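Once you have looked at the hints, place chain B on chain A.
Protein chains: 2
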Amino acid sequence: MINEGYKALLKGKSIIRELSEYATERGKEIGYENVFDYSLGNPSVPCAPEFTDELVKLLKEEDPVYVHGYSPSLGITSVRERVAESLNKRFNMNYKTEHIFMTSGAAGALAHALRCVTKPGDEVLTFAPFFPEYYQYVNQTGANLKIVSASTKDFQINFDAFEEKLSENVAAVLINTPNNPSGAVYSTETIKTLADILYKKQKEYGHDIFIISDEPYREILFDGVDAPYVSAYYDNSLSCYSFSKSLSLPGERIGYIAVNPKCRDAEILSVMFGQISRGIGHNCPASSIQLAVSKVLDKTSDLSVYETNMNIIYDELVKLNFEVVKPGGTFYIFPKALEDDANAFCMKAKKYDLILVPSDNFGCPGYFRMAYCIDTEKVLRSLPVLEKFVKEEYGVTP
Amino acid sequence: MINEGYKALLKGKSIIRELSEYATERGKEIGYENVFDYSLGNPSVPCAPEFTDELVKLLKEEDPVYVHGYSPSLGITSVRERVAESLNKRFNMNYKTEHIFMTSGAAGALAHALRCVTKPGDEVLTFAPFFPEYYQYVNQTGANLKIVSASTKDFQINFDAFEEKLSENVAAVLINTPNNPSGAVYSTETIKTLADILYKKQKEYGHDIFIISDEPYREILFDGVDAPYVSAYYDNSLSCYSFSKSLSLPGERIGYIAVNPKCRDAEILSVMFGQISRGIGHNCPASSIQLAVSKVLDKTSDLSVYETNMNIIYDELVKLNFEVVKPGGTFYIFPKALEDDANAFCMKAKKYDLILVPSDNFGCPGYFRMAYCIDTEKVLRSLPVLEKFVKEEYGVTP
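In the order they appear, the protein sequences are chains A and B.
If you're matching positions, the first sequence starts at 105 in this note's numbering and goes up one per residue.
If you're matching positions, the second sequence starts at 105 in this note's numbering and goes up one per residue.
Chain A extracted, bound-state conformation:
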């Protein structure tokens, strides 16, 4: 008997994917180089060459039974050990091998973290604007995602709205910094205030509240930005990481959960993740990819293009009088649309082959997202198109 619940999900198609598919189709008509496709957050730079070298070396020099053999269900031990060492060195933490659980990217990490610290019926809070897939990640566990409205002046946290939404039913708070879609990076003050409130509420409610920190953009930070390591400020925290963006390996599905050594039951959480895996058929990232990534943990792809693009787009938006917060990281920017209805705004842009994503699904209506993980040359060519669009549709001139 086909599961009707999953069948019903088929109706809710992702707007991002729809726009991306439109851009691809339109590209077939006019040449993809003429479609200014800011829809998809897909890294545009090649993976770190050291990764390729290490993987080729493994394939050519090591015993294939080892390279392609079963990974223990928590990840290959030597890989977990290296991840712990790298995090300790970079963020002055105290992770041991037992605190690291290897996952299929950040999605796999969130799937395990959420199941581990919630039960069906619990609430998970997140802050607008947020990645729309959070609804699927949370609600398919049986917990309920609740949204705290945005602080649109800076895309830090709206703490008044947060305290209003907090209740005894809240088991976890899901944060994402650097943030998709706003590009904002939570400041040390923001993280400290969040931690203070949660410590107070844990005591008041008499139960743990976990921070689940979704950190795939951790390595894409722009000049001079204050970017605290979340787990350093709150004990009950689980860092969910992916190498998709830092090493440009999105298809290889590799990441991890780092369990704060000070969190409740820290020594058994990874083993619990392993149990969760048995039911969701996860069974670790590919063994050869684990081994190769473990050799290049402190490398990244050349990520500089993202900051270059950001500065070009930000300056242009400011020139055109858009209301926009300057991103501190990621490859996203999140300006206010020129009319209240962001969908209408983006539909009009589409006529100019300018593909912008309306913000409604990010929980923050009236804005739009540009994913500028594209060639700088194309960004530059898109500027006159943007100018033409806002002039013709809204009478805006620089």
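A portion of the hints provided could be inaccurate.
Capping the alpha-carbon separation at 20 Å, the derived lysine to any residue pairs in SDA-like fashion look like this [said to hold, decoys possible]:
1. A:Lys-115 / B:Asp-369
2. B:Lys-223 / A:Tyr-337
3. A:Lys-115 / B:Ala-370
4. A:Lys-223 / B:Ala-112
5. B:Lys-164 / A:Pro-153
6. B:Lys-132 / B:Ala-112
7. A:Lys-193 / A:Tyr-337
None of these hints come from the bench; they were simulated from the model.
Note that the structure is a prediction, hence the values are computed from the model and not measured.
For chain B alone, coordinates are given in the frame of chain A:
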């Protein structure tokens, strides 16, 4: 708040894993070459060299943004297309690209298939002896696994016991042929009878009953064995495959679900799998592994060692008067223990550094499993040890 349900699972450690860990520890004392470790079903032969060649070629010659880029959520289209073509050619089926969904091995395939065709509270039937992880795969979806007792004379299906267990609550039947742990391969007659009963019961109950066919050992077949392709005999069937055993890539976590084109809603099931993925954080096997495997779909590792080992062990067991069914495939054999309590039997064997797995967790007490995916040389050296064990403990001589 830590999920108490998953925490409780920590108590139930796998007997197979415990024995395997014991064998490793014991190996540190006396040399692993002196431990006759028949515990773990881990392929002992290297991967097909063509796979390594294709992967190295991709890494060296293709654009890394393509090789490591996001896979569409149902799998890379060209890979799905090739899988469909290969299955059509080999099994005279009519799969299209849309019927193939790429997964993280058979575990990933089962996780999606089970969620798609059951809802919490439904029953899933499987046949003893069965892979103990089925409990996790099924019960963590909210459905309930029910066991049909074994047909110990041949390890085909006990149809009387099956018909007794069938009820309106049964949404799916989970089968595994070639079978872990028995090594039996269901005959055409068995599959036809199973299909006939299910067609009749579908009509009687007025709802679909799916066959979920777990087929990781499909390529490990011994001389002269009748090995029907399950989906050719029943419309509502989902074939769950893994390349772990055929290509010796267990750690690379790659497999697929092939949806029978004639099954209910065949055209939307893969899209439903994609929706299920969003909640369980699956997001496809690694892109580079998908691409490389798609080039070697009709290759296998050199699997001949398994049949060589099977014949040696089977002849020895017969010589020692064990009650044993000759395997038709896999790298397992499942003889009857020499006392009713298989645990006691295996504990005694352990004293001789002979690591055998008792059958209780396979739903068929009184037997034991030997996984003979080890070097033939070691199999031969284990024979005098086996003889010594049964002579000293049970007075059995050839």
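In ascending order, which of the hints set out earlier in this document are inconsistent with the structure?
-> Of the numbered hints, 2, 6 do not hold.
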